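These protein sequences, in sequence, are chains H and L. Sequential numbering of the first sequence, starting at 135, is according to our numbering. Sequential numbering of the second sequence, starting at 15, is according to our numbering.
Hints may be right or wrong, so weigh each one.
Distance condition first, Cα-Cα at most 20 Å in a straight line; then the derived EDC-like pairs of lysine to aspartate or glutamate [claimed, not checked]:
id, chain 1, residue 1, chain 2, residue 2
1, L, Lys40, L, Asp30
2, H, Lys170, L, Glu163
3, L, Lys40, L, Asp70
4, H, Lys213, H, Asp273
5, H, Lys241, L, Glu91
6, H, Lys170, L, Asp30
7, H, Lys170, L, Glu90
8, H, Lys241, L, Glu245
9, L, Lys40, L, Asp66
10, H, Lys241, H, Asp172
11, L, Lys40, L, Asp24
12, H, Lys241, L, Asp292
13, L, Lys40, L, Glu245
14, H, Lys170, L, Glu91
Source of the hints: derived by calculation from the structure; they are not laboratory data. Because the structure is a prediction, the values reported are computed rather than measured.
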Amino acid sequence: MTPAVAVTLLALALLDGALAGFRASLGRTGLINHRKSDYQAARRGTGLAGVLLTPVITAACIGLLAHPALLGQYARAGKAMLEVYGPYALLMLTALAFYTALNWRLKYLASALILGPFTLLRPVITILGGALGLAQANDPAVAVLAGLSVIAVLMVEPLAGRVWYARN
Amino acid sequence: MAPRPLEITDLLWSFDAGGQPVAVAKAAVVGRLTALGQRRAARIVSAFPAPDGILDPGYVAALGLRVHCELQRLGEELQFARRVAALLSPIVGTIRLHGPGPVRIVDVGCGLGFVLRAMAASSALGAGVELVGVDLNPFLIAEASRLAEQEGLACRFEQGDAFGPELAVQDGARCVIISSGFVHHLPEPGLPEFFAAQARLRVAAFAHWDIAPCLWSTFGAWVYHYARMREPVSRHDGVLSARRAYSAARLQMAAQTGAPGYGIQVMEGSHWHPRALDVLRPVVGTLL
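Extracted from the complex, chain L is given alone in its bound form (with noise of 0.2 Å):
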């Protein structure tokens, strides 16, 4: 099987185990970008700049926030928040009815957060929900923190790792995790081992967004990330996503090995058309 091509902003940032950034070498990214025949996207990193061979921290990081900040578009176009809270109101209406106390909504690689923070301005989960946000880029949970509180929005950002959601996991049974745009990310050996994180934490449900791969969406992501996006890295990174983002049987397949007493379901339509409106569509899992 062939491997998996990268998204640039896979290979910008490296942290330690104590979440510190760790310099990259720009020939390393370009490297492999180049063995992998992404000769458009080692173009696009070889511009960047390096000073002694490093790539400068400082322009990685802005440029990381201008690439999530053009995401964001994206999904505000997309009313993507509102979706999520759709699907997640009955579900934290089922958690509400085990008992009193709050309901937490985990979102893991948040990004900037744009879904807590939208679902927080909006109040649209009502009152008891506490919306939490994990991400293993500090600059990003940085800014998501930043933009929360200069908006008065009541959600909060932790700077962690996707596999390890309990730094934000409480009580499972009370809990959600959700995700979105995330999992292409991940590298197929690794999928199962991400629903189990969850499943060890018994949480009430799951729920991961992510791009159904076929024609259409390849030629959607191409026409839209042209359409709205200024950055090179945006527009190479967001077509690839809706190429590399894993099929439902995989997601399937992944989620009933890593987490065996969930019921899952990937609510994925036809292919046979354009869907338009679910681009991103759910694998959800929830506690037999």
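Here chain H stands alone, though its shape is the one from the complex (with noise of 0.2 Å):
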């Protein structure tokens, strides 16, 4: 995997984690004014997301570093995985900013058009790329590393939920 493809699927994966916890904290206290704990959530996600993504890339630093041969494996897998990922994140990055851009009037059609539909597909789309990585990787290690990859980013919103936010 080249540097270039693993840092972006790194900085993709811990944004869509920063959003994850965002998601996780939303609708959940009723206040008017809650920017401040928005933010932390965002922070939560991101930190829950390297922390959940931590033994994949260390296990496969460690791969790489007793068999390089699998470079080529990683590097397949990890660009099957961004094709599929880089277009998601940048509907979502644009709808985000017309988000922000538009008139209080307006700034639902983002949301009613792109941010809600396409956070109900995230699930699919995320192992889309998964199952794209799994199939290009002929080593089963790297393989297993994709599909663990998967599961810690489907994993953040729902855990930063349970442990954060959860109210009975």
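Got two chains here, separate frames each, mind docking them using the hints?
Right, dumping it as structure tokens:
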């Protein structure tokens, strides 16, 4: 895996973690002003994504040190994942930019047309990217790590909800 | 005509004439939902704790708060309080022209009072506006009051019936009664009386926002409630509320019957394309 692909995938996973943490915190307290707790939730999500991905990253590093020949396998799997996650991330970031930039009467459009529906599709897209990565990897260890990274990313939101925001 | 399907939250709480919670038997709730063919709703309720067959009041109260907090999230995303304030602002301005004194906005079926608290936080309607929320559910009223106090917001909440708004209305001529996402909870025969109760107080105006029923709104409600809500009850009731909502024609007729002295307008656009910005549209009545 080239460093650029690895760094981009990690950056996307951490960004996704921030948004997952943010979503996990929303609709919990009923307060009107929750900007501070929104930022805190995003930080928590980023940290949690980092923690959950650490074993995957560590295992990949150890695997590459032990078998440098696997670099090509990792690169193919990473690129395949990026081909799915890249456009999705671009779409979501563009919608977020519109949400921020539009006046209050119109900003819900970004939410109604893109952010809401594509949040619903996020698990499918995450699994699809992982499946493509898995299909590209001819090595079982690389395939397992691609699968684990998908599980780690999908666990951030429910785990953040359970750890920090559960309200009985 | 087939009976309207029921939302789970309509069945979980019951209050006596004094506003005190009454025990609700789980079997009765499950039975009513099953009888209407709402098997999924019945399954959701079946999982609720019910010592001795009575729904655990603590569990149900906490569930209600969680559901309303999630609802608030959707309202925030829709910029709903701002939309309400934008419609109310000229009405409040007209009332101010009639003389000095505060103008009162009464939100019936206010739940956690999100709309009022958000308007209080932004001072969207300017100075000299009193914001009063009314809801039958004492748990929601207590939480709305607590939240308002915690954030130092100038609004207050009282337990009361939407059919008896007089407890919150002192001077009808300087009062506007509103609600959001509430009207579809009322039985159809009760709609004219809902508007009549406000007309009897001669309030300056009323504006009640609810979902415009159409294929788009049902699909949108499904997408949104599954993307944004966590509670199975929220998802179930959210989608069902779009299906149960009253058409513009029914609301218009009910408002004209109940409040004949008012100019009535349902501010609804075409159903042929998705109306992302006016997911909830108001029926507005102004005293003629």
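Numbers of unmet hints, in rising order: Hints 6, 8 contradicted; others consistent.
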